[in-house]
Amino acid sequence: MAKTDYVMPKLAMAMSEGTVNEWLVKDGEKVVKGQELASVETEKVVYDLESPQEGYFHIIMAEGETINVDTIIGEFFDTKEELKKATGATSNACAAVEAVISIAQENAQASTNTQGENSPANSRVIASPLAKKIAKDNHLNLSLVTGSGPKGRIVKKDVLAAIENTITTTAQIAPLIAPQASKIASEQSERARIPFKGMRKTIADRMKQSLQTTAQLSSLWDSDISALKAVRANFVAREAQFETKVSMNAFIIKAMCYAIKQVPIANACVKGNEIVVYNTVNMGIAISLEGNSEFDGSLMVGVLRNAESMGVVEIDIAMKALVSRVRNGNATAEDMTGSTITLSSTAGIAPAGTKTTPVLNTPNAVLIGTSTALDKPVVHQGEIAVRTMMPVSLTFDHCVLDGEPAARFMKALNDALENPELMLA
Amino acid sequence: MRELTFIEAIREAYIQEMKLDESVFLVGQDIRGSIFPHTEGLVQQFGEDRIVDTPLAESGMYGLAFGAAQEGLRPVVDFMFGGFTYVTFSEVSITTGQYHFLHGSQQALPLVITAAVGTGMRLANDHAMSVHSTFCHHPGIKVVMPSTPYDAKGLMAAAIRDNNPVVIPWHLGLMMERGHVPEEDYIIPLGTAEVKREGTDITVLANSVQLKNALEVAAKLEGEISVEVIDPRSFEPFDMDTLLKSLEKTNRLVIVDEDWENCGFAGTVSARVVEQGFDLLDAPIIRVTTPNMPIPGGYMENYVAPNPERIEAAIREVCA
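Residue numbers (this note's numbering), protein chains in the order written: chain H, 1 to 425; chain U, 1 to 320.
To be clear, the hints were calculated from the coordinates, so they are not data collected in a lab. Among the hints, erroneous ones may be present.
DMTMM-like, lysine to aspartate or glutamate: derived pairs with alpha carbons at most 25 Å apart [unchecked claim]: (1) K157(H) x D185(U); (2) K157(H) x D201(U); (3) K136(H) x E22(H); (4) K249(U) x D137(H); (5) K271(H) x E41(H); (6) K197(H) x D296(H); (7) K132(H) x D279(U); (8) K136(H) x D201(U).
Listing some non-contacts, in silico: residues in chain U with all C-beta distances to chain H over 10 Å [claimed, not checked]: (9) K19; (10) E22; (11) T54; (12) Q98; (13) A115; (14) F238; (15) L244; (16) P296.
Beta carbons: idealized from backbone N, C-alpha and C, even for Gly.
Could you build all of it, start to finish, from the sequences and the hints given here?
Spelled out as structure tokens, the structure:
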């Protein structure tokens, strides 16, 4: 058969579209099965697509374009002639040169292919027919999945778990813990090798991109939350009535909404060549995720939509539900996209009084970082008193807003945190 | 709701069809004396011309029925026990099944072969064996088997009205089972399976007495394994669609059939599922059948036929 279409695969249950960041092969190049074809980005992950077959690959989708899953992004041809016929002939001179190159490439690739077949990854995998089909549909390499069925057979639930947990990267299922340092290795004993792939790579790329494409800086201060603590205690005392033990974060989000009302530019995103300022507050909340081992924990930003229209109880309930969905892998696209401002808190984990300067969650222009409060002596109403001081930081993109509005935003936020009655405004 | 026993339901189908169509008649050995109660009182109601007893000579008995069907009557021939169909096997299988085909599709052969089958009474080989797989092996014969009184009446009526030869064995173990049977006439179309219990984890295909066993196991496993139980009702033609639809949901299959394992109905269904539904399977198919050995008499029978324990073990193995 001459031609096989290649479509944007569905890499996760919730994936609806993907972007070809970079083609890792040239148009018309002969590719072998398993060869990395393209780097594809989805909402939450960057993933290298592996070729499902051998053939001459014709690129259809341009780099950087975002398209729906199952849209054709390329084509495989069995022979060079079929490829040429379909994609338009080149000049004879070029063809001659190409032919020479292609023979050389074929020879090189043939040897790679042979090696590939001898590698353990290609040894027989025991999987149920259904498991094989689901894996094939999701471009999952079954040799890296552990089977839970009789005699280690890979069954449906193993494949679904692999797809859900790892967003289908081959690397993440690969052993995270490398074998102990080899005998001839140096004195350093290795604990683990963690590949920059999948979620880790996404986080790394996004952090670097944030630091390299924005002019971000952080300002730090302490807010006296003694009064707010008392207010919160009143809510906590009514836990049964509200059906939730309202957290400090709910009040911080409410205070941020108050401050945004005073200084709207803080609730903005960079979109292409424009700054978009929003009425709606979609609160991005940094959520840590446990991994399967000590070394593959990760970070996601869940989005609490329309926080500006909620009371603290409502915020608290919605936030807790969101965090639980994200941690349990049940998050929807709505839960994971469209934040307009971000809150990142290390309260309860970091030592009291820690100042943090989190990296901006682009394209958001502002991020508020809070940490564990500390009781310490301060001058309060003209006297030295022990007050509960919460470290707060504002990280902002100077491309979007300048120091003056940033300072006003800090002031407004501090006002609300220190005088919680302002949240009624 | 009106209830009848399984055997009364068959009798009601005979009466109903003989009243509807004068060409329907019964032929067998001592059916006037009603060895089994499905012919009880029929000779008084319909007379000796329509309730015909023959000597103990199966070839002659069947020859009578065959000839009558050739001439346009609709005989129901009762072999008493399924094992005795083998006495005249060339006629019941080859000649019967291929008759319509060999006559250029010009001549139908509307007859019904019925007999008691099955283990449970400790009657041993000829009196306890199943025969449906053997008939399924031969082209041109429809083979059905009821598992409830309702199905017994509906399938028997459908078999009598069908213009093809239809084999309809009935299981001795169900004879006195009671169940709802409507008074009015109805048929169950040949070739339609029925989901007798819905479930999500595994499909169990079971017929006749084994359906009863499968339902018992399904009820026992409720809360642990959700078992969908399907009654094929018709072996040939077989309702593959209902089975595949179920497997789309459960991805696992156990086939329970009291017939011998070799070249049996369970094996045929298993092969068809692999051919038509390979990608639906998350585990191998397991058959629970009678091993290929003569069916012993007495208590030894318990160790041969499928039973709830074996069905449960198979379900657990497939769901492991």
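### Straight-line alpha-carbon gap K271(H) to E41(H), limit 25 Å
18 Å, holds
Take the C-alpha atoms of K132(H) and D279(U), compute the straight-line distance between them, and say whether it is at most 25 Å. 8 Å, holds
### Interface-negative label, Q98(U) against chain H, beta-carbon threshold 10 Å
Given that every Cβ of chain H is farther than 10 Å from that of Q98(U), nearest at about 37 Å, it holds.
| Is the Cβ of L244(U) farther than 10 Å from every Cβ of chain H? | 13 Å, holds
*Would the pair K136(H) and E22(H) pass a check requiring their Cα atoms to be no farther apart than 25 Å?*
23 Å, holds
Chain H versus T54(U) - minimum CB to CB distance exceeding 10 Å, so not interface:
52 Å, holds
task: Beyond 10 Å from every chain H Cβ: check whether that's true for E22(U).
output: 54 Å, holds
Is it the case that A115(U) keeps its Cβ farther than 10 Å from each residue Cβ in chain H?
Given that every Cβ of chain H is farther than 10 Å from that of A115(U), nearest at about 39 Å, it holds.
Just checking, F238(U) versus chain H, shortest CB gap more than 10 Å?
It holds; F238(U) is separated from chain H by about 21 Å at its closest Cβ, greater than 10 Å.
* Asked: Within 25 Å, alpha carbon to alpha carbon, are K249(U) and D137(H)?
  -> 18 Å, holds
Pairwise hint evaluation, D296(H) against K197(H), where the allowed Cα distance is 25 Å at most
Roughly 11 Å separates the two Cα atoms, so the pair holds.
(message) For P296(U), is the shortest CB-to-CB distance to chain H above 10 Å, so the non-interface label stands?
(response) 32 Å, holds
Of the numbered hints stated above, the single one contradicted by the structure is hint 1.
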